[in-house]
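Residue-level listing of the chains:
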Amino acid sequence: EPEVTQTPSHQVTQMGQEVILRCVPISNHLYFYWYRQILGQKVEFLVSFYNNEISEKSEIFDDQFSVERPDGSNFTLKIRSTKLEDSAMYFCASSNQWVDSEPQHFGDGTRLSIL
Amino acid sequence: ELKVEQNPLFLSMQEGKNYTIYCNYSTTSDRLYWYRQDPGKSLESLFVLLSNGAVKQEGRLMASLDTKARLSTLHITAAVHDLSATYFCAVDPAGAGGTSYGKLTFGQGTILTVHP
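Protein chains in written order, with my numbering: chain S, 1 to 115; chain L, 116 to 231.
Honestly, the hints are just simulated from the structure, not real lab data. Treat each hint with caution, since some may be false.
Unchecked claim - Residues of chain S placed beyond 10 Å of chain L at every Cβ, according to the derived structure:
1) F65
2) P70
3) E85
4) S101
To be verified - Computed list of lysine-lysine pairs in DSS-like fashion (alpha-carbon distance at most 27 Å, straight line):
5) K183/L - K171/L
6) K183/L - K83/S
7) K218/L - K57/S
Claimed, not checked - Simulated DEER-style distance windows between Cβ atoms:
8) G72/S - H190/L: 36 to 44 Å
9) G168/L - N96/S: 24 to 32 Å
10) E85/S - E173/L: 35 to 43 Å
11) E1/S - T228/L: 24 to 32 Å
12) Q172/L - T13/S: 21 to 29 Å
13) N96/S - T142/L: 19 to 27 Å
14) H196/L - N28/S: 32 to 40 Å
15) K83/S - H196/L: 34 to 42 Å
16) Q172/L - N96/S: 21 to 29 Å
17) E130/L - S73/S: 41 to 49 Å
18) R175/L - V24/S: 29 to 37 Å
Yeah, the Cβ is synthetic: ideal placement off N, Cα and C, and Gly gets one too.
Full structure from sequences and hints, please.
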């Protein structure tokens, strides 16, 4: 079964450094998302992306965050200058929303630890 | 702002027992999802509920949606240890006030532990 893949599985970064999280969505999906989950808390929406542009973003997704689809397969989340509070699990998801019954499919996540 | 509340947040069950997890949400929506998460793992889709009165069943789990009451339930029948996980409901406010599809708002999650 096709799946969303994310790399790396764990990223440790010094505060203030830039980090790029990578995702390969399911190949025929057109909608892409990033979510985060701080340890022990609920999953929070960050951003949705369709047709090479951001469809919607949350208050969390400030100027330090950006997303890109640099080629036909990858979808990346960049955090420009990381803060301690950016430590979380980041999940990429994709969906084919032309199919009503289709859920968002999530990757295994990247655990980001800011020191 | 859409609020999604689950209860209970912690559920300790004995094997063989039945129980229900509730998911209330605060705004109009006709799309609700249930996901399962094992510790340290990703979110696995369980059910997609798209209309009022929708009922879906898979094994020992059954989910329903009442859009008028803004309530979804996840019913567990004759629990087994393998069902131990965290269960999230997530609401897509699609169509309400022109919001685009896909911005899921999750509940806090229900940590289910099934004991022998």
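Which numbered hints fail:
The structure conflicts with hints 4, 6 and 12, although it agrees with all the remaining ones.
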